[in-house]
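Colleague: Listed below, chain by chain, are the residues.
Protein chains: 2
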Amino acid sequence: MVAPKEFIDEAIAEIEGQIGDANAVIALSGGVDSSVAAALAYEAIGERLTPVYVDTGLMRKGETEGIEETFSYMESLRVVDAEERFLDALSDVTDPEEKRAVIGEAFIREFEREAKEADADYLVQGTIYPDRIESEGGIKSHHNVGGLPERIDFEGIVEPVRDLYKDEVREVARELGLEEIVSERMPFPGPGLAVRVVGEVTREKLVVAREATHVVEDELEEYDPWQALAAVIGKATGVKGDNRVHGWVVAVRSVESRDGMTARAQELDWETLQRIQSRITGENDNVARVVYDVTHKPPATIEYE
Amino acid sequence: MVAPKEFIDEAIAEIEGQIGDANAVIALSGGVDSSVAAALAYEAIGERLTPVYVDTGLMRKGETEGIEETFSYMESLRVVDAEERFLDALSDVTDPEEKRAVIGEAFIREFEREAKEADADYLVQGTIYPDRIESEGGIKSHHNVGGLPERIDFEGIVEPVRDLYKDEVREVARELGLEEIVSERMPFPGPGLAVRVVGEVTREKLVVAREATHVVEDELEEYDPWQALAAVIGKATGVKGDNRVHGWVVAVRSVESRDGMTARAQELDWETLQRIQSRITGENDNVARVVYDVTHKPPATIEYE
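Top to bottom, those sequences are chains S and E.
The first sequence begins at 3 in this note's numbering and counts up one residue at a time.
The second sequence begins at 3 in this note's numbering and counts up one residue at a time.
By construction, these hints were calculated from the structure, which means they are not laboratory data.
Any given hint might turn out to be false.
Note that identical chains are pooled: a pair holds if it fits in a single copy or bridges any two copies.
Here are the simulated SDA-like pairs of lysine to any residue, each with C-alpha atoms no more than 25 angstroms apart in a straight line [stated by the list, open to error]: (1) Lys207 / Ala108; (2) Lys242 / Glu99; (3) Lys7 / Arg187; (4) Lys242 / Trp228; (5) Lys118 / Arg187; (6) Lys242 / Met263; (7) Lys207 / Glu99; (8) Lys207 / Val247; (9) Lys118 / His298; (10) Lys242 / Glu258; (11) Lys207 / Asp97; (12) Lys207 / His248; (13) Lys207 / Thr96; (14) Lys63 / Glu16; (15) Lys242 / Pro300; (16) Lys242 / Pro132; (17) Lys242 / Glu269; (18) Lys118 / Arg176.
Make the full structure from the sequences, and use the hints.
Modeller: Shown next, in the form of structure tokens:
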């Protein structure tokens with residue numbers, strides 16, 4: 003990549019050239035990629051860009067608030083509360099691929115409505131280089147809510163960060179002056195917490211995954227992981243008082259990586275692991291166990307589904 | 003406890019007094035408790051004791067061979083190959099409690115036949131002190147294949163180690179000169195590997211649990227844990243070549259404890275954890291992840307079901 007400042011100038015000029023006087027939409031996921039793409043496009047075409055943030059109910063703690071704050075300078079920002087509709091659509095769905103399909107479908111439904119309302123001819127996307135490589139191999143499906151272009155008939159797709167790696171996107175984010183909660187936040191999958199609750203998506207499991215992910219991001223900040231997360235991966239026995247109970251198993255994962263395509267499980271201090279397990283089991287009465295994932299990618303993926 | 007030698011003399015005398023000239027049976031689980039009880043009873047009544055070892059197909063690697071070797075001096079030893087019958091009975095059973103019930107039932111069926119054949123009036127059991135406390139609270143069901151006495155009408159139950167803690171049982175085992183594979187082997191639950199495969203019991207999962215448990219016991223010997231184990235706890239995504247696959251999640255657990263009633267997750271070196279995960283994923287093509295359990299008891303139990 004050229005220097006961030008130079009990249010930004012070139013990207014803005016390119017976007018202007020592509021979109022001209024038309025309108026455009028972008029789906030904000032809460033992550034750095036789509037945030038940078040949105041900020042660049044906004045520099046290029048101003049309020050003719052409608053950034054759409056769909057709160058699916060599958061977001062991390064504070065994510066919606068972070069987006070509202072970061073992009074409060076865009077009057078065209080649309081924040082859609084779609085939690086009920088997503089959870090309804092997901093009820094009884096257990097297969098990981100079907101889950102992603104249902105989420106993709108529900109997302110497109112929300113986004114289509116907003117895109118029509120914005121009278122948008124162009125779609126801006128935060129696709130980065132590893133996304134393009136990985137979707138060719140079928141490793142990630144819908145991590146970037148793919149499938150949008152096939153469903154909605156846009157005049158063109160604009161992907162201003164398509165040749166960048168994640169760390170380069172972060173450099174651009176810093177140069178653009180985006181809030182740290184956006185520029186420095188760990189990667190988060192498109193289907194959100196839904197892929198951090200193995201099996202059926204329920205409110206109970208989402209609450210555990212959200213709180214546990216918050217604990218993990220909080221406790222592991224000093225380790226500066228590429229990505230750290232918590233997932234509800236099943237049930238196992240626990241003991242409460244003199245009785246046997248069944249509780250959730252929460253997996254904690256923290257990896258080092260350059261681009262997400264390969265990754266190494268991160269060595270954590272025992273004290274850190276103990277603080278994490280004690281906070282997670284202490285704050286969530288229905289969690290029986292906390293386990294730490296010691297597997298690299300490959301053979302594991304970073305996320306659990 | 004009094005000194006091991008003194009305990010042994012007293013126990014033998016007590017068993018003689020209880021059983022007199024009658025016959026007795028004992029179910030050998032492969033563990034130290036029932037092995038010590040059997041060795042004591044054999045000292046007391048000789049070949050009038052029939053030790054019955056049922057190979058359920060849910061045993062650890064080398065367990066059956068260890069028992070055959072250790073007790074080869076008892077001509078009355080019965081080793082029953084019941085793997086097919088257990089796996090048939092367990093097919094489609096997913097509920098942990100039902101699993102235990104099915105195993106208990108299948109076990110009793112095997113044992114009843116052997117007890118009748120041995121014309122036994124007395125049942126010798128390796129119940130130890132924590133078993134008695136825990137079964138009152140309902141924490142362990144069938145860890146010692148309870149329910150035997152209610153089903154088979156014995157004249158009396160003989161429990162020579164009923165007042166001992168596990169470490170005291172081991173002292174007695176050493177004094178009795180039992181093989182190390184019996185005296186020093188880690189505790190293993192009554193229902194065997196069935197409670198180390200969460201959900202339905204299948205041959206595929208049992209193979210993974212057996213091999214992984216072997217790796218864990220082998221690699222962690224130097225840590226001298228109270229108990230160390232591996233369990234197949236679910237499925238998650240992995241990556242093979244350029245493709246996404248689904249593979250088993252193997253949980254590794256190693257705890258320190260005095261009596262099994264409470265326990266602490268053991269701190270392991272990162273190198274050890276890496277060696278374990280690399281052996282388990284390397285030897286089992288269908289394992290996507292290895293996680294290490296960092297939870298104490300309570301709130302977790304030692305085993306997973």
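Colleague: How would you classify Lys207 and His248 at a CA-CA limit of 25 angstroms: within, between, both, or neither?
Modeller: Answer is both; intra-copy 14 angstroms and inter-copy 21 angstroms each pass.
Colleague: Please work out whether the CA atoms of Lys207 and Glu99 approach to 25 angstroms or closer within one copy, between two copies, in both situations, or in neither?
Modeller: both (19 angstroms within a copy, 23 angstroms between copies)
Colleague: Pop the pair Lys118 and Arg187 into one bin, within, between, both or neither, using alpha-carbon distances up to 25 angstroms.
Modeller: Answer is neither: 31 angstroms inside a copy and 68 angstroms across each miss the 25 angstroms cutoff.
Colleague: How would you label the pair Lys242, Glu269 (within, between, both, or neither) given a Cα cut-off of 25 angstroms?
Modeller: For Lys242 and Glu269, only the inter-copy Cα distance (23 angstroms) is at most 25 angstroms; the intra-copy one is 31 angstroms.
Colleague: Taking 25 angstroms as the upper bound on the Cα-Cα distance, should Lys242 and Pro300 be classified as within, between, both, or neither?
Modeller: between (37 angstroms within a copy, 7 angstroms between copies)
Colleague: Using 25 angstroms as the alpha carbon limit, work out where Lys207 and Ala108 are close: within a copy, between copies, both or neither.
Modeller: within (20 angstroms within a copy, 36 angstroms between copies)
Colleague: Between the shortest in-copy and the shortest cross-copy C-alpha distance, which are at most 25 angstroms for Lys242 and Pro132: within, between, both, or neither?
Modeller: between (45 angstroms within a copy, 17 angstroms between copies)
Colleague: Up to 25 angstroms between alpha-carbons, please classify Lys207 paired with Thr96: within, between, both or neither.
Modeller: both (13 angstroms within a copy, 20 angstroms between copies)
Colleague: My question is about Lys242 and Met263: at a cut-off of 25 angstroms on alpha-carbon distance, are they close within one copy, between copies, both, or neither?
Modeller: The answer is between: 12 angstroms across copies meets 25 angstroms, while 41 angstroms in one copy does not.
Colleague: Is it within, between, both or neither when you check Lys207 against Asp97 at 25 angstroms Cα-Cα?
Modeller: both (16 angstroms within a copy, 20 angstroms between copies)
Colleague: Could you figure out if Lys7 and Arg187 sit no more than 25 angstroms apart (CA to CA) within one copy, between two copies, both or neither?
Modeller: Classified as within: same-chain Cα gap 21 angstroms, cross-chain 64 angstroms, threshold 25 angstroms.
Colleague: Checking Lys242 and Trp228: alpha-carbon separation at most 25 angstroms within a copy, between copies, both or neither?
Modeller: between (36 angstroms within a copy, 21 angstroms between copies)
In this structure, the earlier hints numbered 5, 9, 14, 18 are contradicted, and the remaining ones agree with it.
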